[in-house]
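Those sequence lines, one after another, are chains C and G. If you use my numbering, the first sequence corresponds to residues 1185 to 1464, in order. If you use my numbering, the second sequence corresponds to residues 54 to 327, in order.
Honestly, the hints are just simulated from the structure, not real lab data. Among these hints, one or two may not hold up.
[What the hints assert, rightly or not] Which bits of chain G does chain C cover? Going by a derived footprint, with three or more residues having C-beta under 8 Å, they are:
1. 85 to 92
2. 277 to 290
[Said to hold, decoys possible] Chain C side only, calculated, beta carbon under 8 Å to chain G, not exhaustive:
3. Glu1353
4. Lys1429
5. Leu1432
6. Ala1462
[Stated by the list, open to error] Calculated Cβ distances over 12 Å to all of chain G for the following chain C residues:
7. Asn1191
8. Gly1298
9. Arg1305
10. Asp1408
The C-beta atom is built at its ideal place from N, Cα and C for all residues, glycine as well.
Each chain, written out:
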Amino acid sequence: MPLIELNDFSFKYYGAESLALRKIDLTIEEGEYVVITGPSGCGKTTLCRTINALVPQFHRGYISGNVIIDGKNTRDHTVAELSSIAGLVFQEPENQLVTLNVEKEIAFGPENLGIEPTEIRRRVEELIKLLDLEHLREKHPHEMSGGEQQRVAMAATLALKPKILVADEPTSNLDPRSAEVILDIISGLNKLDLTVILVEHRLDLVSKDASRIVLMDKGSIVADGPPREILAQDICQEIGIGVPKATLVYKRLKEQHDIDLGSIPLTGDELAGLVKEASS
Amino acid sequence: MIMMEDVHFAYDGLYTALQGVSLQIDDSERIAIMGSNGAGKTTLVKHFNGLLRPNSGRIIFDGVDTKHYSVAELAREIGLVMQNPDHQLFLDSVEKEVVFGLKQLGFSEDEIKERTERTLVSLGIEGLSERSPFTLSGGERKRVALASVLATEPRILALDEPTIGQDASQKDKLAEMLMGLNEKGRTVIVVTHDIEFVIENFPRTIAMANGTIIADGPTNSVLSNDEVINKCSLTAPQLTQAARSIHKIFPEVPERLTLLSELEDAIVSILGGV
Chain C
1185 MPLIELNDFS FKYYGAESLA LRKIDLTIEE GEYVVITGPS GCGKTTLCRT INALVPQFHR
1245 GYISGNVIID GKNTRDHTVA ELSSIAGLVF QEPENQLVTL NVEKEIAFGP ENLGIEPTEI
1305 RRRVEELIKL LDLEHLREKH PHEMSGGEQQ RVAMAATLAL KPKILVADEP TSNLDPRSAE
1365 VILDIISGLN KLDLTVILVE HRLDLVSKDA SRIVLMDKGS IVADGPPREI LAQDICQEIG
1425 IGVPKATLVY KRLKEQHDID LGSIPLTGDE LAGLVKEASS
Chain G
54 MIMMEDVHFA YDGLYTALQG VSLQIDDSER IAIMGSNGAG KTTLVKHFNG LLRPNSGRII
114 FDGVDTKHYS VAELAREIGL VMQNPDHQLF LDSVEKEVVF GLKQLGFSED EIKERTERTL
174 VSLGIEGLSE RSPFTLSGGE RKRVALASVL ATEPRILALD EPTIGQDASQ KDKLAEMLMG
234 LNEKGRTVIV VTHDIEFVIE NFPRTIAMAN GTIIADGPTN SVLSNDEVIN KCSLTAPQLT
294 QAARSIHKIF PEVPERLTLL SELEDAIVSI LGGV
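Work out the full structure, taking the sequences as your base and the hints as a guide.
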């Protein structure tokens, strides 16, 4: 049984004129690392919200089709029931942090689910270690940098032991170095078997780690496959997403100069490596 | 022209956000301000239009100390788009947001209509004009906030993180619009972490760290400096990484910042394509 299953799912927010999601069919298996990308307003955030039932349980609207998360139809299960299956992290960590220090923040979710105090204590310590938060333990979120806040928000989300981490542009407000730290953590969590759904525009930063890219436009999925395969397709430039520059150079060499580097690079180093190989 | 002379500023007198910033910005410049989270970039641009006032030091606008001007007076000349659009948007339709600023500045009905339409089209949000900003996506809201200020075409535009949440084609549209305003003589200042956007569009870069300016000059040389890159928590763009690595074997390929066409040409000459 797939972990995430959207079957012919469409959604329109109350008051909106057009569909936010149109006939989405999407199946995601446990352990995948899926990057969702596409032009702004294409439905990425709405898709994320379907995975923990925020759509349709909190954001109301017209629906057709079904979303099945770990065997649970989101029409019949609350956000609270799904909170220990799918955890969401948003662009602005400040909007997500509710308590006065790191320990309380991480403990907040499990406490509300009535989990044993000794187990909560164990999870808090584990996550402080995993996300490198020791030096922030006693700090108020407002005294932290954006990158530190985002790590705390992730820890608080992971404290519910979700099977799926859904991160909606978690690095948009961060400087590139802090963004890299967050993305490395996400990639590491995926290697520990967490299923990851990441919304991101900066494909140069995430393509190397992802197992799959889902490309959306106007509420529909328009391409879906391994990063190298998807990013070399013309549709990426046609709908205007940010193809890694190294991949663009590869395409231009092939199309304008009849030079085939043999495989599709996703990073600057991969491009340089291919040029070296081709020249020798 | 804006001049800052030894500006210091501390929020609540505790956390020192600017510690002795001096700079000069001439008319019609295009400038990027870069630096890590917490370097003081946003604090700096909020001084341009008087949202923040220095604890010490002076800010001179066209020869007059800005302490003599109110925020409202400065806002006529200096338009600021804040990082978070939700701090800026307050009306119930996209069109009203854009019309509001133009009305405040006393433009004629015809002029307001023409500018509103032109700006919405330039930023690709003309189809959203009747929508409430609060029903839009994050990237769309950001463009509404940009439109409301860009439509007024102030002499100086200061944009805090304008590319957040924007896909590649939206970024291109924004850049095109900023170039157009710049050609009309407007000064454009952006605060951003987006190094590719800066390399492609801004000839001058000011780099900040810990409330001070650590480098100020041509973008090419400021961002080729590894120490600046490190202190600003930036990472070298892919093309630069590729160029540096290729340079080690083919010294004729320059290792400095590179545009896509330059790297393409260099690789073609190495591999001898047609």
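Which hints from the list above does the structure break, by number from lowest to highest?
Violated hints: none at all, because every hint is consistent with the structure.
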